[in-house]
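Chains as they are written, first to last, in the numbering used here: chain H, 1 to 433; chain Y, 1001 to 1144.
Keep in mind that the hints were calculated from the coordinates and are not lab data. All values reported here derive from a predicted model rather than from experimental measurement. A couple of the hints might just be wrong.
Residues from chain H that face chain Y, not an exhaustive set, calculated with beta carbons under 10 Å [said to hold, decoys possible]: (1) Asp174; (2) Glu375; (3) Met376; (4) Thr377; (5) Thr382; (6) Lys406; (7) Ser410; (8) Leu411.
Quick partial rundown of chain Y residues pointing at chain H, CB under 7 Å, derived from the structure [as the list claims (entries may be wrong)]: (9) Asn1012; (10) Asp1041; (11) Phe1042; (12) Glu1061; (13) Val1065; (14) Asn1067; (15) Asp1120.
Computed cross-link-like contacts, DSS-like style, restricted to lysine-lysine with a CA-CA straight-line distance of at most 30 Å [claimed, not checked]: (16) Lys430(H) to Lys1019(Y); (17) Lys415(H) to Lys1019(Y); (18) Lys41(H) to Lys61(H); (19) Lys430(H) to Lys1013(Y).
Each residue gets a CB set at the ideal place from its N, CA and C atoms; glycine is no exception.
Single-letter residue listing:
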Amino acid sequence: MERYYQEEIECAPYEKIREIQSEKLVKQVKHVWDNVPYYRKKMEDKGVTPEDIKSVDDLKKLPFLSKADLRDAYPYGLLGMPLKDCVRIHSTSGTTGKRVVAYYTQHDVDLWEDCCARALTAAGATNEDVVQVAYGYGLFTGGAGLHGGSHKVGSLTIPISSGNTDRQIMFAMDLSATILCCTPSYAAYLGERMKELGYGPGDIPLKAGIFGAEAWSEEMRKDIEKTLGIKAFDIYGLTELSGPGVAFECSAQSGMHINEDHFIAEIIDPDTEEVLPEGSVGELVFTAVDKEAFPMIRYRTKDICKLTREKCSCGRTHIKMAKPMGRSDDMLIIRGVNVFPSQIETVLMNNGYAANYQIIVDRVNNTDTFDVQVEMTPEMFTDNIGEIEARQRKLSDDLKAMLGIKAKVSLLAPKSIARSEGKAVRVVDKRKI
Amino acid sequence: MSVKQISVFLENKPGALKKMTGVLAAHEIDMRAISMVETRDFGIARIVVDDPISAVNILKEADFVSNLNSVLVVEIPDEPGGLDKLINIFADAEVNIEYMYAVSGHKSTKSACMIFRVADTKAAEARLVAKGLKILTQDDVMKI
Chain H
1 MERYYQEEIE
11 CAPYEKIREI
21 QSEKLVKQVK
31 HVWDNVPYYR
41 KKMEDKGVTP
51 EDIKSVDDLK
61 KLPFLSKADL
71 RDAYPYGLLG
81 MPLKDCVRIH
91 STSGTTGKRV
101 VAYYTQHDVD
111 LWEDCCARAL
121 TAAGATNEDV
131 VQVAYGYGLF
141 TGGAGLHGGS
151 HKVGSLTIPI
161 SSGNTDRQIM
171 FAMDLSATIL
181 CCTPSYAAYL
191 GERMKELGYG
201 PGDIPLKAGI
211 FGAEAWSEEM
221 RKDIEKTLGI
231 KAFDIYGLTE
241 LSGPGVAFEC
251 SAQSGMHINE
261 DHFIAEIIDP
271 DTEEVLPEGS
281 VGELVFTAVD
291 KEAFPMIRYR
301 TKDICKLTRE
311 KCSCGRTHIK
321 MAKPMGRSDD
331 MLIIRGVNVF
341 PSQIETVLMN
351 NGYAANYQII
361 VDRVNNTDTF
371 DVQVEMTPEM
381 FTDNIGEIEA
391 RQRKLSDDLK
401 AMLGIKAKVS
411 LLAPKSIARS
421 EGKAVRVVDK
431 RKI
Chain Y
1001 MSVKQISVFL
1011 ENKPGALKKM
1021 TGVLAAHEID
1031 MRAISMVETR
1041 DFGIARIVVD
1051 DPISAVNILK
1061 EADFVSNLNS
1071 VLVVEIPDEP
1081 GGLDKLINIF
1091 ADAEVNIEYM
1101 YAVSGHKSTK
1111 SACMIFRVAD
1121 TKAAEARLVA
1131 KGLKILTQDD
1141 VMKI
């Protein structure tokens, strides 16, 4: 029996969804025009006024927003409500150290938590379940989102956050956790650790997991499902749009339903910015139609993927997105964290190294490895090993501070980083996802 | 008079040292002493050669990072207790040794050389000379 959190809307006929979207979009464009001068100027530059937007069909007339806009408008430029009406922020690391700060009113938090509640319910959660939220809590949206969703469903929520693996296993066993929420690599790691401790899938009552914030393959899904003895569900989201729960997987496990009553999805050609027909592979663009404090319109996610609206065996009617197949910019997602090569460059320069580096990302035992290789320079070289090692450690600490994840720093001989046609290859991503 | 030592940065991987010795061989640089230190992922080769300035330039041409620094070279009798006597003098003169390595001489000359890296080469040299120690020059080293 498929369960829904908000059946009426999750299974509404397509025409009904279009109607809701159109109605909300018209209102949202008016709201943004009146309250977000930054976006209003973009509309004016394009010669569009709120009167031009009468339905979803007019969406393509509106200007795009991108990460560069978030940077330009930081910290308050895209705020759609007075701060006194906002109740929370979340944040992600951005390029060159500038963070993305997203604002939420209570209404925004509610609709986000609804989205997460839908995802949890699709994974089988009810008020009889125990949900272990092992996503990081804090500025990261993962913990807060699933935590709120779990409350809405009425499940007993374990707000354990990430890390301390042995404690995670102890809680899961002692409190009979039935649903686990974390990044897929952490789920895989938990499974490995359980094996080491001599526990099998039969030793914990876990039945499902909701895993997102990083790319993972079907093989990895099978691995996790086998070691933990669960059904593993994918979830998609980004801080700019609220957090996890923008789209989620159902029992069919064949793509993620986008919560279309809150987010309108488009696929565009990343170069021409032209909207592509359904089923095409292109860049995913989202319009948040009822978020108040951070009302993103036509936000370019840079995720490359594909949308399909076919009848789903779960009964939901919302359009499905495939797992993103890549990025149209140079952002890397390493252990669930967004990493831009330019951030690494900044840290290197601050430490006196030349911007001669290479990032090598791989996946070993389902966990991302992250190596930063830097070429030694005459300025940084000394006969004193201890001093070189101390600088290496400082570089590693500074990278951790900038990115939020640890990198292994290696020092290479000059000119040893591969260059193709004079241009150094900055990123080597060996992960097979 | 201190002697110039060249320290060369090397990656800790097969072939890294070969590249360095190859370059020096090709330019007929005569090495009098070599010592290697390593960490998990890089190493430093410390060498004493006949013509340090040329060697540094040759290494630079070949994309090596290196630098020149001063070391103290002392000849000791190649016999039991030889090193002990020498180290005693360092202790007496209160000279702290950062690192040291040996160049063994010919059995026939019955002597060997010790190369010392200290924090303040000039001051250490003055104190050691005051204790009666003979510090070798670049020319002396070439005759070992």
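To see whether the hints hold, each was checked on the structure:
1. Asp174: The hint is violated - aspartate 174(H) has no Cβ within 10 Å of chain Y, the shortest such distance being about 39 Å.
2. Glu375: holds (9 Å)
3. Met376: holds (5 Å)
4. Thr377: holds (7 Å)
5. Thr382: Since the shortest Cβ distance to chain Y is 7 Å, the answer is holds.
6. Lys406: violated (16 Å)
7. Ser410: Status holds, d = 5 Å.
8. Leu411: Holds. Min distance 5 Å.
9. Asn1012: Violated, about 9 Å.
10. Asp1041: holds (5 Å)
11. Phe1042: holds (5 Å)
12. Glu1061: violated (12 Å)
13. Val1065: holds (5 Å)
14. Asn1067: holds (6 Å)
15. Asp1120: violated (14 Å)
16. Lys430(H) to Lys1019(Y): holds (28 Å)
17. Lys415(H) to Lys1019(Y): Judged against 30 Å, a Cα distance of about 14 Å means the pair holds.
18. Lys41(H) to Lys61(H): holds (14 Å)
19. Lys430(H) to Lys1013(Y): holds (21 Å)
Hint compliance for this structure: hints 1, 6, 9, 12 and 15 are broken, all remaining hints hold.
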